[in-house]
Amino acid sequence: MLGAITDYTGNLFDRPNRVSDWLDEYLPAVPPAAYLLIFLILPILYAVYISFFEYSATTIISWNFTLEHYEQLLFDPFYQGLLWYTVRLSLIVSAFCVILGYPLGYFIATTTPLRRQLALFAVFLPLMVGTVVRIYGWIVLFATNGVINTVLQDLLGFKLALLGNTLSVTIGLIGVYLPLVVLPVYSSIEDIPDSLVPAARNLGANQLQAFYKVTFRLSLPGLLTGTIFVFVLTMNSIVTPDLLGGRSDLTMGRLIYDSAVNGLNWPFASAVGTVLTITTTALVYIYFSFVRDRMGVSEWD
Amino acid sequence: MAFVNIQNLRKSYGDVVAVNDVSLDIEEGEFVSILGPSGSGKTTMLKSIAGFVDPTAGSIVVAGNEMIGLPPEDRNMGLVFQRLALFPHMSVFDNVAFGLRHRENLTEAEMEERVAEILEIVSLPGYEDRNIQNLSGGEQQRVALARVLVLEPDLLLYDEPLSDLDRQLREQMRREIKDLHDRLEITSIYVTHNQREALTLSDRVLVLHEGEKVRYAPPSEIYQDPQSKFVANFVGDSNFVSVTKGQNGTVTFEDDDISLPMHEADADAPTDLLYIRPEDITINPSDGDRVFSGTVRSTVHLGSVTEYKIEVGGNEFLTTDLGAPKYTKGDSVTVQFEDYGLVEA
Chain W
1 MLGAITDYTG
11 NLFDRPNRVS
21 DWLDEYLPAV
31 PPAAYLLIFL
41 ILPILYAVYI
51 SFFEYSATTI
61 ISWNFTLEHY
71 EQLLFDPFYQ
81 GLLWYTVRLS
91 LIVSAFCVIL
101 GYPLGYFIAT
111 TTPLRRQLAL
121 FAVFLPLMVG
131 TVVRIYGWIV
141 LFATNGVINT
151 VLQDLLGFKL
161 ALLGNTLSVT
171 IGLIGVYLPL
181 VVLPVYSSIE
191 DIPDSLVPAA
201 RNLGANQLQA
211 FYKVTFRLSL
221 PGLLTGTIFV
231 FVLTMNSIVT
241 PDLLGGRSDL
251 TMGRLIYDSA
261 VNGLNWPFAS
271 AVGTVLTITT
281 TALVYIYFSF
291 VRDRMGVSEW
301 D
Chain D
1 MAFVNIQNLR
11 KSYGDVVAVN
21 DVSLDIEEGE
31 FVSILGPSGS
41 GKTTMLKSIA
51 GFVDPTAGSI
61 VVAGNEMIGL
71 PPEDRNMGLV
81 FQRLALFPHM
91 SVFDNVAFGL
101 RHRENLTEAE
111 MEERVAEILE
121 IVSLPGYEDR
131 NIQNLSGGEQ
141 QRVALARVLV
151 LEPDLLLYDE
161 PLSDLDRQLR
171 EQMRREIKDL
181 HDRLEITSIY
191 VTHNQREALT
201 LSDRVLVLHE
211 GEKVRYAPPS
221 EIYQDPQSKF
231 VANFVGDSNF
241 VSVTKGQNGT
251 VTFEDDDISL
261 PMHEADADAP
271 TDLLYIRPED
281 ITINPSDGDR
291 VFSGTVRSTV
301 HLGSVTEYKI
311 EVGGNEFLTT
321 DLGAPKYTKG
331 DSVTVQFEDY
341 GLVEA
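As they're listed, the protein sequences go chains W and D.
Numbering-wise (full-length UniProt numbering), the first sequence opens with residue 1 and increments by one.
Numbering-wise (full-length UniProt numbering), the second sequence opens with residue 1 and increments by one.
No lab work stands behind these hints, which were simulated from the structure alone.
Using N, Cα and C, we set each Cβ at its ideal position, and we do this for glycine too.
A couple of the hints might just be wrong.
To be verified - One side only, chain D facing chain W, incomplete, derived with CB under 7 Å:
{"hint": "1", "residue": "3"}
{"hint": "2", "residue": "52"}
{"hint": "3", "residue": "72"}
{"hint": "4", "residue": "73"}
{"hint": "5", "residue": "79"}
{"hint": "6", "residue": "85"}
{"hint": "7", "residue": "98"}
{"hint": "8", "residue": "99"}
{"hint": "9", "residue": "102"}
{"hint": "10", "residue": "103"}
{"hint": "11", "residue": "140"}
{"hint": "12", "residue": "183"}
Stated by the list, open to error - Far from chain D, by Cβ distances over 12 Å, these chain W residues were calculated:
{"hint": "13", "residue": "31"}
{"hint": "14", "residue": "48"}
{"hint": "15", "residue": "53"}
{"hint": "16", "residue": "77"}
{"hint": "17", "residue": "103"}
{"hint": "18", "residue": "194"}
{"hint": "19", "residue": "203"}
Unchecked claim - With beta-carbon atoms standing in for the labels, derived distance ranges:
{"hint": "20", "chain 1": "D", "residue 1": "74", "chain 2": "W", "residue 2": "212", "range": "16 to 22 Å"}
{"hint": "21", "chain 1": "D", "residue 1": "224", "chain 2": "W", "residue 2": "120", "range": "41 to 47 Å"}
{"hint": "22", "chain 1": "D", "residue 1": "311", "chain 2": "W", "residue 2": "120", "range": "58 to 64 Å"}
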């Protein structure tokens, strides 16, 4: 009787069935993998593919091989300037998100529970409001005849150009993406055991040294995650520069949108997308390698 | 003046007094435990000494220098934390060298030599390049010790370093700490709620209760002469009986006609509470005085000893006996009260 039971459970748990083991392990991954393949990888490959063919005003793609889109993008000063504008904007927005977001994340992680809840709510709140709604709110504030300028005109007799320039685009993007730095920084600082900073102080480090060698080092993975999010999203931003920027605030994202939707030039739009993706990936990789090599993040992250 | 001299140390948070005017002298090379239940103020005291809590009043002098007002990094003390607080992003070498980099001006070669030396002492030779996360609990414990010992601190502070370990490792580390102290003779303060650790490690034990100093004496003295009900109960187990003092040097149990001769030392004690240690009660003695009859109420086998509850008159007494259970519930036995004393309620 006992033998029968052990035989049965032995069979149940140690099936030497390779096919079903394989299924058990990989089956849950099949639907998301299929989704990614069909709706992400194949379209990207197709886009890269068509970027090597000529544009035709009648059929959109004429199947004649060409490198002209890439030549234009990489050597025409106008398009060079556009790529540089996008990279510079992304670097500036990422830098300000770090400068503003790190102290805020640190504050949230180290303050009293009540203040933490209020601050977290304040950080989350903008994420609940859609980007477009928020930006239209800013337009109401910043416009030539908007709230701020009306007050300025009445009180001081002059107006400021608050909208339609690079400054408004930068401020807008920082506002949209700041939570993406604050939240991972907050969570990685909160995970640091309370006794590590006192231990560093006990071993002779002053407050600043203890912060740098312990808190800052251990929060680097969170900071790294946050800045990569912000950088990648700014590189690809369309709506915020479009609504808050002027004619010259043309990002690579806006160029893709204009070429594909307004100009129906799919090959060129695909080439812009390819250049943008490669540039973004390369810059993220350089940043990641720098932090890894200089700060030794990879060993424990 | 003693090597460590703490005078009227006081810390209050609003109306709550965590440490209430505690004074303490520690000689150089002494190992002192601060023993108390949670909330007794022992951790607050340790943090005040280490510089992480600003005392409301009092003074802390170590090796002739007043510590109050100095930041933690300027007090030459080593603190071993309850959860060790090793730096997870650094190797064993960098953990141990952390203090050397901040406190001393050494070349890389001198530093390597000092680290290797101290790792040898804590039995972790050649562990420099190991990752902290890949070490066992006991090895991490030794790195935490090495990290503070390498600085040759004036004073070594332990904040319940063994309370998170399993029993076997705890016993082993307790012996290693004792052994290290015997070899290096660094003045040490050990905070614990575990009376066994306090009694076995220390030269003297400070017993704290609700922020007050209850007793400060060598372990054997505290155990043999607890003086108060709190100490008698917290340091080892005790049975307590209310008694009335007789004229002829006896004490009589309040609810029974059991009388025992009083110790001379207790004659003037202004108290009517008697304590009897479980091991001072013998079941079915071959002969002798102070023998009374009772009934076994419960039996618990604890391995090397058996614990009995025996009803004698109107009181139940806890007692222990070596070996497996010899009596079961309901058995009639005789008990002998071999030793006892009076304590303040």
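Verification of the supplied hints:
1. Interface hint status for residue 3 of chain D: violated, as the beta-carbon distance to the closest one in chain W is roughly 19 Å, over 7 Å.
2. For the restraint placing residue 52 of chain D at the interface with chain W, the shortest Cβ-Cβ distance is roughly 6 Å, inside the 7 Å limit, so the hint holds.
3. At a threshold of 7 Å, the smallest CB-CB gap from residue 72 of chain D to chain W is about 4 Å, leaving the interface hint in force.
4. Among the interface hints, the one on residue 73 of chain D holds; its C-beta lies about 5 Å from the nearest C-beta in chain W, closer than the 7 Å criterion.
5. Because the closest C-beta pair between residue 79 of chain D and chain W is about 4 Å apart, less than 7 Å, the hint holds.
6. The interface hint given for residue 85 of chain D holds, since its Cβ lies 4 Å from the closest Cβ of chain W, which is under the 7 Å cut-off.
7. Taken as an interface hint, residue 98 of chain D checks out: its beta carbon lies about 5 Å from the nearest beta carbon of chain W, inside 7 Å.
8. The interface hint given for residue 99 of chain D is met, as the beta carbon of that residue sits about 4 Å from the closest beta carbon of chain W, less than 7 Å.
9. Hint status for residue 102 of chain D relative to chain W: holds, with the closest Cβ pair at about 3 Å, below 7 Å.
10. A cut of 7 Å between beta carbons decides the hint on residue 103 of chain D: the least distance to chain W is about 4 Å, and the hint holds.
11. Of the supplied interface hints, the one on residue 140 of chain D is violated, with its beta-carbon coming no nearer than about 13 Å to a beta-carbon of chain W, more than 7 Å.
12. With 7 Å as the threshold, the beta carbon of residue 183 of chain D stays out of range of chain W, its nearest partner Cβ sitting at about 22 Å, so the hint is violated.
13. Residue-level check passed: residue 31 of chain W sits 35 Å from the nearest beta carbon of chain D, beyond 12 Å.
14. No beta-carbon of chain D is positioned within 12 Å of the beta-carbon of residue 48 of chain W; the least distance is around 40 Å.
15. Every C-beta of chain D lies more than 12 Å from that of residue 53 of chain W, the closest at about 50 Å, which supports listing it as non-interface.
16. Against chain D, the non-interface label of residue 77 of chain W holds: every CB pair exceeds 12 Å, the least being about 46 Å.
17. The claim that residue 103 of chain W is not at the interface with chain D holds, since no C-beta of that chain comes within 12 Å of its own (minimum 22 Å).
18. Some Cβ of chain D comes within 12 Å of the Cβ of residue 194 of chain W; the nearest lies about 9 Å off, and the non-interface call is violated.
19. Residue-level check failed: residue 203 of chain W sits 4 Å from the nearest beta carbon of chain D, not beyond 12 Å.
20. The beta-carbon spacing between residue 74 of chain D and residue 212 of chain W, approximately 19 Å, falls within the hinted interval of 16 to 22 Å.
21. For the hinted restraint 41 to 47 Å between residue 224 of chain D and residue 120 of chain W, the CB-CB distance of approximately 57 Å leaves it violated.
22. In this structure the hint that residue 311 of chain D and residue 120 of chain W lie 58 to 64 Å apart at CB holds, the actual value being about 60 Å.
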